[in-house]
Amino acid sequence: MAERFESVDAVQEALRRVDYLADASTAGVVFLADRLEKPVLVEGPAGVGKTELAKAIAATTGSRLIRLQCYEGLDESKALYEWNYKKQLLRIQADREHERDWATVETDIFSEAFLLTRPLLEAIRADEPVVLLIDEVDRVEIETEALLLEVLSDFQVSVPELGTITAVRRPVVILTSNNTRELSEALKRRCLFLHLDYPDAEREQDIVRVRVPGIDATLADQIARVVRSIRALDLKKAPSISETIDWARTLMHLGVEKVTPDVVGGTLHVLLKYQRDIERANKELKVAEA
Amino acid sequence: MSGAPTLDVPAPGRMLDLLSGFVHELRAAGLPVSMTENLDAMRALEHIPLEDRATFKTALKTTLVKHADHERVFNILFDVYFALQPFDLEGDDEDGPGGRPGGGVPVPGSLPGGGAGGDASPEELMAMLMRAMLDPDALRAFAAAAVTRHAGMEPGRPVGGTYYLYRTLRALDLDSLLDRLMEQLAEQQGGFADELEERLAREELAARMERLREEVEAEIRRRLVADRGPEAMARSLRAKLPEDVEFMHASRDEMAALQRAIGPLARALAARLAMRRRRHHRGQLDFRSTVRHSLAYGGVPADPRFRRPHPTKPEIMVIADISGSVASFARFTLQLVHALASQFSRVRSFVFIDGIDEVTRFFEGNADLGDAVKRINTEADVVWVDGHSDYGHAFEVFHQKWGREVTPKTSVIILGDARNNYHASQSWVLAELRRKARHLYWIDPEPAAYWNTGDSVIGDYAQFCDGVYECRNLRQLERFVEAVIES
Chain B
1 MAERFESVDA VQEALRRVDY LADASTAGVV FLADRLEKPV LVEGPAGVGK
51 TELAKAIAAT TGSRLIRLQC YEGLDESKAL YEWNYKKQLL RIQADREHER
101 DWATVETDIF SEAFLLTRPL LEAIRADEPV VLLIDEVDRV EIETEALLLE
151 VLSDFQVSVP ELGTITAVRR PVVILTSNNT RELSEALKRR CLFLHLDYPD
201 AEREQDIVRV RVPGIDATLA DQIARVVRSI RALDLKKAPS ISETIDWART
251 LMHLGVEKVT PDVVGGTLHV LLKYQRDIER ANKELKVAEA
Chain R
291 MSGAPTLDVP APGRMLDLLS GFVHELRAAG LPVSMTENLD AMRALEHIPL
341 EDRATFKTAL KTTLVKHADH ERVFNILFDV YFALQPFDLE GDDEDGPGGR
391 PGGGVPVPGS LPGGGAGGDA SPEELMAMLM RAMLDPDALR AFAAAAVTRH
441 AGMEPGRPVG GTYYLYRTLR ALDLDSLLDR LMEQLAEQQG GFADELEERL
491 AREELAARME RLREEVEAEI RRRLVADRGP EAMARSLRAK LPEDVEFMHA
541 SRDEMAALQR AIGPLARALA ARLAMRRRRH HRGQLDFRST VRHSLAYGGV
591 PADPRFRRPH PTKPEIMVIA DISGSVASFA RFTLQLVHAL ASQFSRVRSF
641 VFIDGIDEVT RFFEGNADLG DAVKRINTEA DVVWVDGHSD YGHAFEVFHQ
691 KWGREVTPKT SVIILGDARN NYHASQSWVL AELRRKARHL YWIDPEPAAY
741 WNTGDSVIGD YAQFCDGVYE CRNLRQLERF VEAVIES
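Chains as they are written, first to last, in our numbering: chain B, 1 to 290; chain R, 291 to 777.
Just so you know, the hints here were simulated from the structure itself, not pulled from any lab data.
Do not take every clue at face value.
Non-contacting residues of chain B with respect to chain R, defined by C-beta distances greater than 12 Å in every case (computed) [unchecked claim]:
1) 13
2) 31
3) 52
4) 87
5) 101
6) 111
7) 118
8) 122
9) 155
10) 180
11) 189
12) 209
13) 225
Straight line, CA to CA, 27 Å or less: simulated DSSO-like cross-link-like pairs of lysine-lysine [stated by the list, open to error]:
14) 273/B <-> 664/R
15) 664/R <-> 237/B
16) 55/B <-> 237/B
Over 10 Å on every C-beta distance to chain R, these chain B residues come out as not near it, computed from the model [unchecked claim]:
17) 86
18) 179
19) 219
20) 226
21) 246
22) 269
Backbone N, C-alpha and C fix where the C-beta goes; we use that ideal spot for every residue, glycine too.
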């Protein structure tokens, strides 16, 4: 199969083109995922760009993004495939006059025309390049995880009535997890592992400057440092990167040139979503409350 | 990376040896590395330029380490194991021209500014430090100089790296340095405009200090490896995974790691327990219903009927010793139990030293755990006479005040080392509790070998308990909680 990327640096460059600033290890893992044809399990707190990474890879390689959002209670019929039984019933009824024998009917109604493909099967069967995003995989029950194993290790799906469907082109697979529970060893073994954390102040500043065009460099620097300071507090929910970006946009719109305690106090609710967190940040940073 | 010296990339066979040795070390440190993962790492190395150390490290990390908490151990072992391998000629990960050439052996004259690092006077060193603090690239060179100057390392001397680290850091005195740098900054800028600005500046400097500390630590490790060889070093290091760190001997960093680990651990446990409870959906045989249904089969009980199970959610009372000797342990256990609150119909916490007080209210609602612990330390009435543990008196008071509230639904868990300072043990209270409660467990953070030595009277109490468990690290604590809730 044609490789998508030439080198680790090329990955970093390609992701940067779609405004995703990957650090060296993220780029390294993506590069290896492509070469080894293995899925990547991305783990980290909410809002550090896990889902965004999959989107960026899709955008930069011109692939279609197929997304499977996981939730408790997700099952085969929602993840893999389902038989369109209403259509099957209609077919059987329509066939009644022709007096066809059962074997013919059976092979007929269990054919591709009656198959509803769900994200996993769709990604396997796609002819065009595809990025498969399995989002928040830690939300499914541990039994359901097993559904994913065949897809992840062999890039194939077994449908008893049809046989095994193998991928024409192996998709890039990104799984994300917020680490609300321990994933099974079997799943982890099949994946490359990438732990994403909040970026350091320098990188966050770069991200702000890329995502909020026209922002002043010193302002971006101040924003990144204030956010780092807030993240160091003991909060219920630390500000994510996207919240940093929102905050930067807010400050741009307000025409702020310099981050002062008054400015922070007046706009903290953009960064923090819990009243308790806001109060704590107010107290700790000694900023004036709005 | 350009401008790097050319390398002898090891022959494939040699690489295989290196890698399997490294994997062996990882496993010895407790990381679960499977055969497949080992093979993946091998395959990954075929695709990357081996002379690029950063990518090499990424390739090994992503294939071998599947748990974020294990990364720290991996990093240390990687540095040790590959310190003297040919790769190190490359310098290290991020740094460019400031990198220190040579693998572990201090090279005189390698410092920026031309000063011979080993012989720099204290004043020169200080000036360099000031510069290094404001220029990330110079940090590493400075760390090397500082170690040469202050650690006083002697080849072959059998002391651990922490000893050298302590000596170096004490000489550098980072705390007062931070203050001095702050003053300098303030002078340059003509004072800080407001507290926020001052705070940001201080944090910026503190972050650099932290980086310097890490550099010093890495430098010491490199030199030790040069002296003793990687295998011996890896063995003596045996860096611990967070779940194996002992509560009673955790360092500050390890404490922080434990703190972070407890949330996910509680969630994982809760999910596992809830699931098991859901799956046990068969209750007792419902005789009446079975007979009723047997009529449909001519009186043959072909379709046995079962009662809906009573999901028993135990009520838990945790009684914790919070005297100095076991405080950190009690803190983790209280945290874990309260994080599991959804699994119990009710959790009540009591803490004691020589007096005892109920502290359930501090954990209620959405209370922050840090706050709760702070309030326990300040508000709870746990000192009766002298603030030395007195299990006997604490139990007696518990019996008087709350004894009546212990019911057959209650599981009582006592945390402590049973070091009673030679007071009376009053073990009859436990006998009484055992009679009334559903279960009575004792968890002890001391190694079992120390039980019943000195003033430990655990044996007195143990005779009335359903079980006494040694609980020195998160792994054991997790196992205990699981076992208890199941029973």
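Discussion item. Tell me the hint numbers this structure goes against, listed in increasing order.
Written reply: As far as the earlier hints go, 2, 10, 11, 13, 18, 20 are violated by this structure, in ascending order.
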